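If you're matching positions, the sequence shown starts at 0 in numbering that gives the first Met the number 0 and goes up one per residue.
By construction, these hints were calculated from the structure, which means they are not laboratory data.
Among the hints, erroneous ones may be present.
Quick list of the computed label-pair ranges, beta carbon to beta carbon [claimed, not checked]:
1) Ala137 with Arg86: 37 to 47 Å
2) Pro174 with Pro195: 30 to 40 Å
3) Arg141 with Asp80: 38 to 48 Å
4) Pro65 with Ala198: 21 to 31 Å
5) Glu245 with Val15: 20 to 30 Å
6) Pro195 with Ala260: 36 to 46 Å
7) Pro107 with Leu82: 31 to 41 Å
8) Asp140 with Pro107: 40 to 50 Å
Quick caveat, the model's predicted, so the values are computed rather than measured.
Glycine residues also receive a C-beta, built at the ideal position from the N, C-alpha and C atoms.
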Amino acid sequence: MPFAMAKDGVKLAYQVSGEGFPLVLLSGQANNHHWWDSVRADFAALYRTITFDYRGTGDSDTPDEPYTTRGFALDVLAVLDALGVERAHVYGTSMGGRVAQWLAADHPERVAALVLGCTSPGGAHGVERSRDVRRALAQPDRAAAERALLELMYTPEWLAAHPGPYHTTGDPGMPAHARRRHFAASAGHDAWDALPRIAAPTLVIHGADDVFNPATNAPLLAGRIPGARPHLIPGARHAYFEEFREVATPAVLDFLNEDLARRHPSGHQR
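Starting from the given sequences, assemble the full structure and let the hints guide the process.
Written out as structure tokens, the structure reads:
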């Protein structure tokens, strides 16, 4: 397992698959790189995909100290530096989309094209999940709470046909302190003032039926980022990229390939 070293000495496990122009895939809150397992091959067929385990998850270190989405963006840079990657496409989903916002706003020279999936600008301008959703996730019956989370991620029809295991409902091996730190990082995200600084071509993609991270956040992001393109997927919930991969993956690939073709008409460049 290769590791990158963050500026504060934290070891970050990363994974690389495929060949071609680099594509960073960023997972959701309290999840490791396995978040992408079901769809990674779709991207690795054309791109050099790069994932990593956030601090607190997977094989990375788990320091008990404050985490922030802006700090996670610096960890992404540490991984890119370890790989010698100067510029990459970035596709972030859920909390990973919050991390990607900071990466693109603070380090525009490192981001070629940006995809923000099922995410939010956070802060006072972001649309939070409803009280009913929060209550369902916090109920004392843990089995019922876990079922509620699954039904926020996927449609009942998909769940009936796919009994698991699921890689989008949290890293089961992460310590409790890291889970709390991840929650605080995502809840504390507020990139509203930074969004207009994003210069990379941007696709904002979201499941139209997502109430876990409400779909109304998509037009907010698209309207705040210069030239951003919104794409809502009818019928999809939070894990749109997995359940609706036959729609979502081509949409993302078309967008990324369009940017590469514009910059490198003769073909993909590393």
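Hints violated by the structure (numbers, ascending): 6, 7
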